[in-house]
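A.B. asks: Residue strings, one per chain:
Number of protein chains: 2
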Amino acid sequence: MDYQWLIFFTALLFSATADASGCANDGFDVVRNISEVEQGSFGRAGLSHATLAGALMHGLKEVEVWFNTVAPGSGTPIHRHSCEEIFVVLKGSGTLYIAPSNPDLDHPGTPQEYPIFANSTFHVAGGIVHQVRNTNEHEDLQCLVAISKPPMKVFMYKDWFTPHTAAKMVFPMFWDEKCYQKHPKKDEL
Amino acid sequence: MDYQWLIFFTALLFSATADASGCANDGFDVVRNISEVEQGSFGRAGLSHATLAGALMHGLKEVEVWFNTVAPGSGTPIHRHSCEEIFVVLKGSGTLYIAPSNPDLDHPGTPQEYPIFANSTFHVAGGIVHQVRNTNEHEDLQCLVAISKPPMKVFMYKDWFTPHTAAKMVFPMFWDEKCYQKHPKKDEL
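So the sequences go chain by chain: G and P. For the first sequence, numbering that gives the first Met the number 0 gives the first residue as 0, with consecutive numbering after it. For the second sequence, numbering that gives the first Met the number 0 gives the first residue as 0, with consecutive numbering after it.
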């Protein structure tokens, strides 16, 4: 009979072990080594994304933090979201493109450009169309990103003159898909 | 008459210049060099705090990011807050103390202890009593901290057996005082 107890306790051990690449309902380590957090490109060329602490993966409700690395020449789509977003640039440099402060009602229009650099910080208010690009051809751009109201829902623009009404909704985000399918969560809207 | 115009334009120039150490209504640079962001101990021995992007300083409503450095032997008070908090440890090491998951109803009780280290991340759910200490006597502990629902209101405990009803409320936070006095903002509660 002893081996049955062994199987039982082994199963218990595995079920209780935190899964670094799992979703909130599967459990997770209280303190996580960032180099062991699952990172991926999620089909986005030039991107490496890791959710350090998030809604679908760790059960947070109000804030989420990402660790993103963007290869030279790559960047985010031109996009907007209703949540607020704060960037801290850890390495590299690039350009923040942000819709003009007096935007056209139909489309974002020619963006304002701001250089971003290692040890800099900036934020994007809710609803503002923006893009972050690694415009430094020699070095990766590495950022920590904090967002409110996770999980994020994004509206993506083909270019700065795409009408707001033609922006394409993406939800859940690429990196949220796995946990969203596994443990569906109420949409933010 | 020319010097009057000079005075006028000089005044205009100064009023339009972003103030790195200012409050939201005074304006701020879109992209800020973290080494130029105002840092201070705010009367807390062993602490250096900078608000990289925040409610009272930059007009954010839903999320705030801090850059905190804690000297060996120092740490946060034992405290709780209704907002969620995510830490990313950039340098050094220390200990996260967190109230037991089955807490006493009267007081937090003996905390669980978790080692924290450079390149680690952890979060604290709303309402959970916790403390972060630099228990490494050789090195500063440097963290980025993201919080939801700024500006933060804290309840501080003298020790882990202080009754919840005796926890001392602090609002605004030490680093929020200047802007709170200058541009009063509606309390979160």
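Don't read these hints as lab results, they were simulated from the structure. These figures come from a predicted structure and were not determined experimentally. Incorrect hints may have been included.
The list treats identical chains as interchangeable, and a pair is accepted whether it falls inside one copy or across any two copies.
To be verified - Calculated lysine to any residue pairs in the SDA-like style (CA-CA distance at most 25 Å, straight line):
hint, residue 1, residue 2
1, Lys181, Asp103
2, Lys60, Asp158
3, Lys177, Asp158
4, Lys60, Val153
5, Lys157, Glu35
6, Lys177, Pro99
7, Lys181, Thr109
8, Lys90, Tyr179
9, Lys60, Pro102
10, Lys90, Lys181
11, Lys90, Phe170
12, Lys177, Ile127
13, Lys60, Asn101
14, Lys90, Lys167
15, Lys181, Ala166
16, Lys167, Val36
17, Lys60, Pro110
18, Lys152, Gln130
19, Lys152, Ala124
20, Lys157, Asp28
21, Lys152, His106
22, Lys177, Val30
23, Lys177, Ala124
24, Lys90, His106
25, Lys148, Ala23
A.B. asks: Hints first: check each against the structure and report whether it holds.
C.D. replies: Hint by hint, here is what the structure shows:
1. Lys181 <-> Asp103: neither (40 Å within a copy, 34 Å between copies)
2. Lys60 <-> Asp158: neither (32 Å within a copy, 28 Å between copies)
3. Lys177 <-> Asp158: neither (29 Å within a copy, 42 Å between copies)
4. Lys60 <-> Val153: both (18 Å within a copy, 19 Å between copies)
5. Lys157 <-> Glu35: neither (34 Å within a copy, 36 Å between copies)
6. Lys177 <-> Pro99: neither (35 Å within a copy, 31 Å between copies)
7. Lys181 <-> Thr109: Result: close neither inside a copy nor across copies, 40 Å intra and 35 Å inter.
8. Lys90 <-> Tyr179: neither (31 Å within a copy, 33 Å between copies)
9. Lys60 <-> Pro102: between (31 Å within a copy, 22 Å between copies)
10. Lys90 <-> Lys181: For Lys90 and Lys181, neither the intra-copy (34 Å) nor the inter-copy (35 Å) Cα distance is at most 25 Å.
11. Lys90 <-> Phe170: The answer is neither: 29 Å in one copy and 35 Å across copies each exceed 25 Å.
12. Lys177 <-> Ile127: neither (28 Å within a copy, 28 Å between copies)
13. Lys60 <-> Asn101: Classified as between; 21 Å across copies, 32 Å inside a copy.
14. Lys90 <-> Lys167: neither (30 Å within a copy, 40 Å between copies)
15. Lys181 <-> Ala166: neither (27 Å within a copy, 40 Å between copies)
16. Lys167 <-> Val36: Close neither inside one copy (29 Å) nor across copies (37 Å); limit 25 Å.
17. Lys60 <-> Pro110: between (32 Å within a copy, 24 Å between copies)
18. Lys152 <-> Gln130: For Lys152 and Gln130, only the intra-copy Cα distance (15 Å) is at most 25 Å; the inter-copy one is 33 Å.
19. Lys152 <-> Ala124: both (14 Å within a copy, 23 Å between copies)
20. Lys157 <-> Asp28: neither (39 Å within a copy, 28 Å between copies)
21. Lys152 <-> His106: Classified as within: same-chain Cα gap 19 Å, cross-chain 39 Å, threshold 25 Å.
22. Lys177 <-> Val30: Answer is within; shortest intra-copy Cα gap is 22 Å, inter-copy 34 Å.
23. Lys177 <-> Ala124: Between copies only: 23 Å across, 28 Å inside.
24. Lys90 <-> His106: Answer is neither; intra-copy 32 Å and inter-copy 43 Å both fail.
25. Lys148 <-> Ala23: both (16 Å within a copy, 22 Å between copies)
The structure fails to meet hints 1, 2, 3, 5, 6, 7, 8, 10, 11, 12, 14, 15, 16, 20, 24 from the earlier list, while all remaining hints are met.
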